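A.B. asks: These are the residues of each chain, in order.
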Amino acid sequence: MTAHGVTGDPSRSPDGVHADPGPSDPADGVDDVQFRLLGENIPILCWMAKADGYIFWYNRRWHDYCGSTPERMEGWGWQSVHDPAVLPAVMDKWTASIATGAPFEMIFPLRGADGVFRPFLTRVDPFRDGEGAIKRWFGVNTDVTAQLAAEAELRLVNLKLQTVAAEREAILGQLGEGVVVTDPAGRITFVNEAARRLHGVARLDIGPDDYSRSYSLFTESGEPHPAENLPLTRAVRRHEIVEDARWRIRRPDGSEVLAIGNARPVYGDDGTPLGAVLTIRDDTARHAAEDQLAEAIRVKDILLNEVNHRVKNSLQLVTSLMMLQAGKANSPELRQSLLEARSRIGVVAGMHQRLYTTEQHDRVDLSTYIHELSADTIGALGGNRRLDLNFLCPNAIFLPLDRAVPLALVVSELLTNAVKYAFDDDGAGTIDVAIDTEGEEIRISIADNGRGLPDGFDPAASTGLGMRIVTALTRQLRGTLSLPPMASGACFRLTLPQDA
Amino acid sequence: MAAASPPLRLLVIEDEALVALEIESILRNVGYEIVGIADSLDGALAIASGTRPDLALVDMHLAEGQSGLTLAAALKATGTPTLFVTGNCPAEAGAGLAIGCLHKPFSDRSLAGAVAAAREILNGGTPETLPIAFHLF
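Chains as they are written, first to last, in our numbering: chain L, 1 to 500; chain V, 1001 to 1137.
What the hints contain is simulated information worked out from the structure, not anything from laboratory work.
Predicted model only: the values in this text are computed from it and were never measured.
Be a bit skeptical, because a hint or two may be false.
Have a look at the derived ranges for each label pair, beta carbon to beta carbon [what the hints assert, rightly or not]:
#1 P497/L x A1073/V: 28 to 36 Å
#2 A288/L x V1019/V: 24 to 32 Å
#3 G1125/V x S337/L: 23 to 31 Å
#4 G1096/V x R246/L: 46 to 54 Å
#5 N1088/V x D499/L: 19 to 27 Å
#6 P497/L x G1096/V: 31 to 39 Å
Virtual Cβ for every residue (Gly too), placed ideally from N, Cα, C.
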């Protein structure tokens, strides 16, 4: 810069050249007419200066924006529409460009006609002659208010996104539950801390076909997990919601985790698939507890089997002793009594035998037991009689032992009664045993086509031991015993609640 | 051992029907009168109010999950003394509710002996000997 010092006011330069900026200046060999025509019609602010920085022309848009006149702006008048706080920096930079010939670029505020400063990106380039000497400066000022606002907005949005992401990271990191997120193709984009701990690894950018291998996933039975039915694959590829799926994870350190997890696809507001989320819990401890419980139950089963077996053996011993005693009896009556007692104890022993030969330890299937009891009783006590058994029981009926034993004793007494007393010693007949449930009641009837009961027979008033046992145990079972009228023979009908 | 006249009138409360029949049979054989057999609290109190027994033999475990202790307290309120006959002796909890406790399983002799000892106490005396598996509160 030769004509103007940075400290002076170049507009007041006495240099006469500046006072008359014609449309063309043959003096320096530049024709500005075409540029002016162009400049008047573009929507950005532009201007031309001489080599020393003296601005001799502004386009219309400049004056429209600044509300200025060519006279006020000419030369260095433009300083009046600058922010005084920024102006020194603009001057430094502009005078430096004039001095060195370097292009100028800067964003600074320009005051509009409305008094409002708006940021303008300003670029000024030199135009040189054939020898490289600067002849003109061409300047353009572009209003970047909207651009800066957009950039500011973008920064704010980015900041918010970063905050949301940081929050999500913190929340998911804090969770005890493992979380794995995928993109729409199923490639893993996020693994939280708990999921990393569960797997012992956290590999990103893994697709469904590589889940099993990358994360060492196995089925519950220990086979490598097929990709197609892993919960995350099902959520991504088949858009399924998967709940409480179970699988095994083998960590790099060799330890194994029994996992239980849920997966679901994720959709955008418009329904486009965004990927899938998998949540995983460590179910190992609960599994172990279940295994322990199953083992405890197994041991208990063994012990109960053992107890029932021993009880049955002891009762067997008792019946054997009674058999021996009966063999030594002097009178037929005593022998008969001992054999009856032996048979009653045999009923109880049979119950315990049934308990340990079936899976049940505390309940018996009444139907099969009474069927066998009926057949045995007829076989053992039938003597020379030709007796047929009709047994009818449509359903299995289970009763707990403390009710099954008294019931079996009652049925045994009634059967014994029928076999021994309903028919002639060498006669023939039929015994019908029927068991059924109706509502909450169990109904058992024992009928024969024999000679029938004595007139006015009342089991409760009977002094015979058999009927006393029947009466007492029926009461204990909260049951009732009735004698339905029969055309021929006799029938005892026992009705008792299923649960008492 | 024979009971002196007039025969002691007994109420048997036992939830196992066959055990009740056994107790009845043993005590009848030695001369006691059994006024009734019950297996529940309500059943026992109904018989007791109708028959005013001299002594109730009470099992600790009754039908419908009821406790012999509850029954003993109810019987005491109606003036009927109790003797526990049970496999689950209530120990101190029975003190004040019953004369004593005969532990199951019992023999014919000890059952009859326990009732005889109770009778002596009810008559204001002190039994000289107590049967095996029997103790006073």
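A.B. asks: With 31 to 39 Å as the target window, see if P497/L and G1096/V comply at their CB atoms.
C.D. replies: At roughly 37 Å between Cβ atoms, G1096/V and P497/L fall inside 31 to 39 Å, so the hint holds.
A.B. asks: How does the Cβ-Cβ distance of A288/L and V1019/V compare with 24 to 32 Å: does it lie in that range?
C.D. replies: violated (45 Å)
A.B. asks: Starting from the range 19 to 27 Å, see whether the pair N1088/V and D499/L falls in it by beta-carbon distance.
C.D. replies: About 24 Å separates the Cβ atoms of N1088/V and D499/L, which means 19 to 27 Å holds.
A.B. asks: Does the Cβ distance between P497/L and A1073/V fall inside 28 to 36 Å?
C.D. replies: holds (29 Å)
A.B. asks: Honestly, do G1096/V and R246/L meet the 46 to 54 Å range at C-beta?
C.D. replies: violated (59 Å)
A.B. asks: Taking 23 to 31 Å as the hint, is the beta-carbon distance of G1125/V and S337/L inside that range?
C.D. replies: violated (40 Å)
Of the numbered hints listed earlier, those contradicted by the structure are 2, 3, 4.
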